[in-house]
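Participant: Here is what each chain is made of, one letter per residue.
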Amino acid sequence: MNGKERILTALSHREPDRVPLYIHAINEKPIILLTRDLIPDLPDPEKTFYDMTDGEKFKMLEALFVVHEHYGVDGFTALEFGHEQRIGPEEVRDGWGVVYQLNRFGLPVARRHPLPERGDLKGYRPPAPQKENLLLLLAAKARFQDQKAVFWMMRGTFVLSWRLCGMENLMLKMFDDPDFVHRIAQMTFDYNVQMLDLLVEAGLDVLIIEDDIADKNFPLISPDQFKEFINPYNRRLVEAAHKKGLKVIRHSDGNLWPLLDILLDTGYDGLNPLEPQAGMDLKRVKDYCGDRLCLLGNIDCIELLPEGSPDEVRAAVRQAILDAGQGGGLIICSSNSLHPGVKPENCRAMFQAVHEYGQYPLRL
Amino acid sequence: MDLLSQLVEQICLGQQDRVRELVREAIEQDIAVTRILSQGLIPGMDRVGEKFQTGEYFIPNMLLAARAMKGALEILRPLLAESGAKAVGKVVIGTVKGDLHDIGKNLVRMMLEGKGFEVLDLGMDVSPETFVKAVDDSVDIVGLSCLLSTTAPFIRDTIVALDKAGLRDRVKVMVGGGMVTQKLADDVGADAYGQDAALGAVKALELMGGAR
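Residue numbers (the numbering used here), protein chains in the order written: chain A, 1 to 364; chain B, 1 to 212.
In case anyone wonders, no lab produced these hints; they're calculated from the structure.
No residue lacks a Cβ here, since even glycine has one placed at the ideal position from N, Cα and C.
If you only want the chain A side, here are some residues facing chain B, beta carbon under 8 angstroms, derived:
1. Arg104
2. Phe105
3. Val109
4. Phe175
5. Asp215
6. Asn217
7. Pro219
8. Ile221
9. Ser222
10. Gln225
11. Gln277
Covered stretches of chain B (in silico footprint by chain A; criterion: 3 or more residues with CB under 8 angstroms from a CB of chain A, positions within the stretch not fixed):
12. 58-68
13. 100-112
14. 173-181
Let's have the full structure, built from the sequences with the hints guiding it.
Facilitator: Structure below.
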């Protein structure tokens, strides 16, 4: 089997030839540290993508592909590029008019919001999805030639809505002005459903609805608010994507137990990234809904990958396969992004352990 | 139901207009401002914290209640100053260097104010030096918030900076936020860890009952 077949088989709850390996997201520093023996003259690992020259950015793209090829990663995540404009040394603005401040690791954090009040809707024109912003998806399709599954990270209703209004403001508006919250949500849906057409045309394999809705303890909003303001819009996206033949993964950080039944009912094919520190114990999730949801994730990137040893990482991968590998429906990746703090030797140990322990039929 | 019990209930429901009305009525009825605070607003926010911890309330409910509390405090603050009432303690709070996420820190601030603390909020991306500068004789607790694992080293750096400035014995340090665990709190030598905003405020009150 190739990577794409492996991923799609696992997502269909059947056993592929091996448990698939996936990278949900990866930062500049681990990309560079994992490939600098393979590619000459990569940028300084401390440099953020925003600060790289065009030449360096092309090198990073090559390095990103090489990480997937060299370590036998079965799926590749693409996301929108080119929709952001640098407006200052530490600020970028996206097509919606949201202004992000870049933290010292180049992570953009939404700080200014174009639609805090109902009155701001007047005269506001939401962006239209642009085909040229699918560059990473098109490049990955061309590079991997269907040997790997290509995923697209689409921001969901909650994330897009709070970026437009401000998070605390959006939460208060759920009490003060529910109709305003629905209008914002509808706007995000309209954008995403148009984007879906472009993605399918470009040959997408798997859609990820990335919509962080929980912290390590609780959902950020109540299950009732989730059912009223957020999930109906994401559900329509899932239905639209299914109609186009795509598998759909739900990504959210945090403790999703209070929302899990709602997510199951929404019809997602998979759930990611299953953070152990947020109570998303892999075996418990597998026992509860492993027959309905493919599980993607769970190798701890908060303590294990930054501070553990390669042997501990290998043991964690083996345990995850034992806990959730039987019958398919498991794709191994880290419990969130491979961020600048993870040790490259631990990433290598994770990649290799999946190849070593993940062969079906499982013999662990 | 008496006026102060109604106040507790309306704070808990986050009814800002009704809370303002009740506070004004209480003042008109010559109820002492310290009593309005200690038997109306604070128990109201305590109840909000309890409901948050049991999973009945979520962050939006806390924001609503905190907004109502803030409206009440705007009316009460000048009168509290006249009465010479003292806060239960003073907390300096901020997200550590590099961390640009503040909703958790804002919730902790609201819950601390709800317990009668004075809070000096230094905002986001606060350097160890800025924390050190903000600590004077009036400060009891320094609260460090951190969402990301990439910025976690700055928790330790801030505590080290407080130590080097000779302030570590004079203030307690509390930590909390997305990636902070009890283990990390122990490793960096913090005095308390708040698993969530409500528990953080409870821990702060416990710290005030200790050394000072």
